[in-house]
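Engineer: Protein chains in written order, with our numbering: chain A, 1 to 166; chain B, 1001 to 1418.
The set of hints was computed from the structure by calculation and includes no laboratory data.
There's no promise every hint is true.
In the BS3-like style, the derived pairs of lysine-lysine whose C-alpha atoms are separated by at most 27 Å in a straight line are [stated by the list, open to error]:
| id | chain 1 | residue 1 | chain 2 | residue 2 |
| --- | --- | --- | --- | --- |
| 1 | A | 70 | B | 1257 |
| 2 | B | 1277 | A | 33 |
| 3 | A | 70 | B | 1277 |
| 4 | B | 1257 | A | 101 |
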Amino acid sequence: MKKLIAILILTAAAAGCSGGEAPEAHRKAESHKAPHNGVLNAIEKCSVGHVEALLEGNKLTLYFVGGHDKTTTSLPIAAESMELSIELENGSEKILVLDAKPMKLAGEKIGNCSRFEVADDFLKGITRFDASSEVEINGTLRTITIHYPEGYHPGHKEHEHHEGSE
Amino acid sequence: MSFFKIVLRSLRQHIMSTVLAAFSIAIGTALLITVYNLKVQTQEKFESTGSGVDAILAPKGSPLQVVLSSIYNLEDMPGEIKWTFVKEVAKSDLVTDVVSFVKGHSFGDFHVNAIERKFFTEFEYKPGKKFSFVPEDGGSGRLFEKPLEAVAGAEAAKSLGIKLGDKFNPVCGLRSGAPVHKELITYVGIMAPTGTPHDFAIYIPLTTVYGMEGHSNKSAEMAENEEVRTVSGAFIKLRRIKVGSETMIHPDIHRLKYEIDQNKGAQFVVPNEVLPKLFSIIGWVTKVLTGISILVIVIAGLFLFVSMYWALRERRRNVALMRALGATRRTVFALTLTEAFVIALIGAVFGVITAHLLLMAGVNMIRAETGVMLSATYLTIADILAIPGAVALGILTGLIPAIQAYRLGVLENLRMIS
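Starting from the given sequences, assemble the full structure and let the hints guide the process.
Structural biologist: Below you can see the structure in the form of C-alpha cells.
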C-alpha cells in the first residue's frame, strides 16, 4: 500500500511539474540574435559591438549592432562610407566601398548610420569569404573582422552565438 | 439476485463513504476540466482576436501594454507617436494599410477610441470579415460622418442600453473621477457583434478628440495641422505573399520591425509575438491550478481506496457467505472492482457537469472583466478524457481491495464472525 501511495504522489508531482524550461537555457537561446538572420561578427571583442553581415545575391549589407546580447539594438557610426577588403577562398581579393544607407524609420541619417551596403558582381555566387576594415566607433578606431558564414567571435564559445532565425 | 443489484446494495450499505468518494472525484475532475478549458479557450481567443491586426505602431513602452490597450481595450497606451511618422511607415513597401487611433477617453467603463474612418470600411477584424451596421448581421444605424457622432460596439451598446440617437459626454481619462468633456456626442450606429474585444468599445472620429473642450491649444491645433498631430498608435496591415495555395505575411517584416524599433520614439509590436509572452506570464497560475486539481483527484483516489478497503473489512462475512453459497473468487473480485468503477463513474459524470456549470459562471466574469467572450459549452480533450481517466483511477484504486476479496478465506471469516 505504501508503494502504491508513493507511486500515485510521484505521478501527480511529475504531471504538475512537467512542461517547464530551464530559465538559463532559455536566456542563452535568446542571446546574440542576428536581427536580420545574417552572420554576427564581434567588433574586436563582443562587448564593443557586432557587425551583422548579410549577403544576398551580389549585394552585401553590414549592420552595426550592439555588444553582448544587445544585438537587436543598432550601433550607428559617423562614417559616410567604409572600405572593406574582401578575400575569397580561391585567393582573389577586392576592396569594396560600402555606402551608408540610413534607416529612415529609425531616425538615421548619413553621419549617424548603422547600415552600409554595396552591390558588386564580385560577390555574385560566393558563399564564403573573409573581410576586414577599420571604422571609428565612438571616437575609437576599431578593426572589423568578418568571417562569412562562420562569424567572428574571439574568446567566445561557439555555442553561445545563435545566428540565423530563432 | 443479479450482479448489479448486489453492487448497488453494497454501495448503499456504505452510502456515506460512497457519496463522499464520488463527490471528491467530481470536485477534482471539475477543477481539472475547468482550468484546462479556460486555458485553452482564452489562449485560442486571444490569439485569434489579434488576427485582424498584423502589427501595431506604438510609442516606446511595454509591448504587452500596447496589445492590451489597442486591441483588448484593457489599458491605456504608453504615450504618443507623431502622425507624420505614421505616414512615413505607411509608405513602406511592406505596409498595405495603416489605421491611426487615439486612446485615453472613456464612458461608463468602456474605452472611447478616436479612430480613422477606414477602420470600419477597410479593416478586417477576421480574415474576410469587416464591421457591419446592417440589421441582418445584428447591427443598426450607420458609420459616423460628422465630428460629434459615435458608433458603439455591440456589447458596449448592450451593457449601456445605448439606442440610436442617444447622447453622451466622453470622460477625459480611463479612470472614474476623471473630468468629463462638455461635448455631447450622438450615437448614430451600433456595430454588429464580432465576438472580439472591438465589441466592447465606443468609437468617435479621429480628429474629434483634438478639439474637445478641456484639451490644450496644442491639441486643438492637431485637428488641422498634421505636422504637429500625434496619435496613440496605429494598426498596421502588412503585405502578404503567396506560398503555394496559402498566403502569409511577407518574410521581410522583421527588417521593418528592426528599423522601427531603433527609432527613439516608436516601436513595432506584433501581437502574435507578444501574446505567447502573456501566456508564459500567466502560465504558472495554470500550472499551479492544474497541480491542485491533480492533487485533489489523487486524494479522491486515495479516499476511494480507503473507503473500499474498510467496506470490505466490514463485509468480510457477507463475502464469505457469498463464496459459501457458490460465488466464485472471480465473482467477488469483479463485485468489488465494479463498486469502485461505479463510484468513479458517478464522480466523473458529475465532475464534467459541475465543470461546465463553473465555466458558465467563469465565462460571464471574464466577459465582464476583459471583453473576451468564451463559451461554457466548449469541449476540450479534458472533457473527453475525464470519464475514462476517472474510471481508470477507480479501477486502479479498487484493485487492492478486489484482490483482497479474491483471496478472502471462506471458513475463517464465517467462523470468526459466528
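Engineer: With reference to the structure, classify each hint as holding or not holding.
Structural biologist: Hints versus structure:
1. At roughly 16 Å between alpha-carbon atoms, residue 70 of chain A and residue 1257 of chain B fall within 27 Å of each other, so this suggested pair holds.
2. A hinted pair counts as satisfied when its Cα atoms are at most 27 Å apart, and residue 1277 of chain B with residue 33 of chain A qualifies at roughly 18 Å.
3. Distance restraint check for residue 70 of chain A and residue 1277 of chain B: the Cα-Cα separation of roughly 19 Å lies within the 27 Å cut-off, and the hinted pair is therefore satisfied.
4. Only pairs whose Cα atoms come within 27 Å are accepted, and residue 1257 of chain B paired with residue 101 of chain A is accepted, the gap being roughly 17 Å.
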